[in-house]
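Mapping of the sequence shown onto full-length UniProt numbering: residues 1 to 87, in sequence order.
Treat the hints as calculated values from the structure; they're not laboratory data. One thing to keep in mind: the hints can contain errors.
[Unchecked claim] Lysine-lysine pairs mimicking PhoX-like chemistry, simulated, CA-CA at most 20 angstroms apart: (1) Lys55 - Lys27; (2) Lys52 - Lys8; (3) Lys55 - Lys7; (4) Lys26 - Lys55.
[Stated by the list, open to error] Here are the computed distance ranges between Cβ atoms for each label pair: (5) Lys52 - Pro22: 16 to 24 angstroms; (6) Asp51 - Lys27: 13 to 21 angstroms; (7) Asn20 - Gln76: 30 to 38 angstroms; (8) Gln76 - Lys7: 25 to 33 angstroms.
Every residue gets a Cβ at the ideal spot worked out from N, C-alpha and C, and that includes glycine.
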Amino acid sequence: MSSLPSKKLLDDLYTRFVVNGPEEDKKSFNRLMFLVESAHWYYEDTVVENDKTLKSLSFREFTCLLFNNSDLLRPQVANMDRIFRDF
Numbered sequence: 001m002s003s004l005p006s007k008k009l010l011d012d013l014y015t016r017f018v019v020n021g022p023e024e025d026k027k028s029f030n031r032l033m034f035l036v037e038s039a040h041w042y043y044e045d046t047v048v049e050n051d052k053t054l055k056s057l058s059f060r061e062f063t064c065l066l067f068n069n070s071d072l073l074r075p076q077v078a079n080m081d082r083i084f085r086d087f
């Protein structure tokens, strides 16, 4: 049975791709979502490929997990439909 990524793994992906992303990409939510998308593809193409116990996630599933794991982004989980519509 496949498992969801750990808090530690989500923290690592958030730090690597969002926190350490270019400052200009953090100024608009649309550009921020491209950073999240990069984290998602890294998770799918590298992390899941190397650890078959992890569940493959849709971009939306991954985004919800990443947002819920971040104090800064957690308040936006309630706006997920709008975020995906606008992105």
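Hint by hint, here is what the structure shows:
no.: 1; hint: Lys55 - Lys27; in the structure: violated (31 angstroms)
no.: 2; hint: Lys52 - Lys8; in the structure: holds (17 angstroms)
no.: 3; hint: Lys55 - Lys7; in the structure: holds (14 angstroms)
no.: 4; hint: Lys26 - Lys55; in the structure: violated (28 angstroms)
no.: 5; hint: Lys52 - Pro22: 16 to 24 angstroms; in the structure: violated (33 angstroms)
no.: 6; hint: Asp51 - Lys27: 13 to 21 angstroms; in the structure: violated (34 angstroms)
no.: 7; hint: Asn20 - Gln76: 30 to 38 angstroms; in the structure: violated (20 angstroms)
no.: 8; hint: Gln76 - Lys7: 25 to 33 angstroms; in the structure: violated (18 angstroms)
Of the numbered hints listed earlier, those contradicted by the structure are 1, 4, 5, 6, 7, 8.
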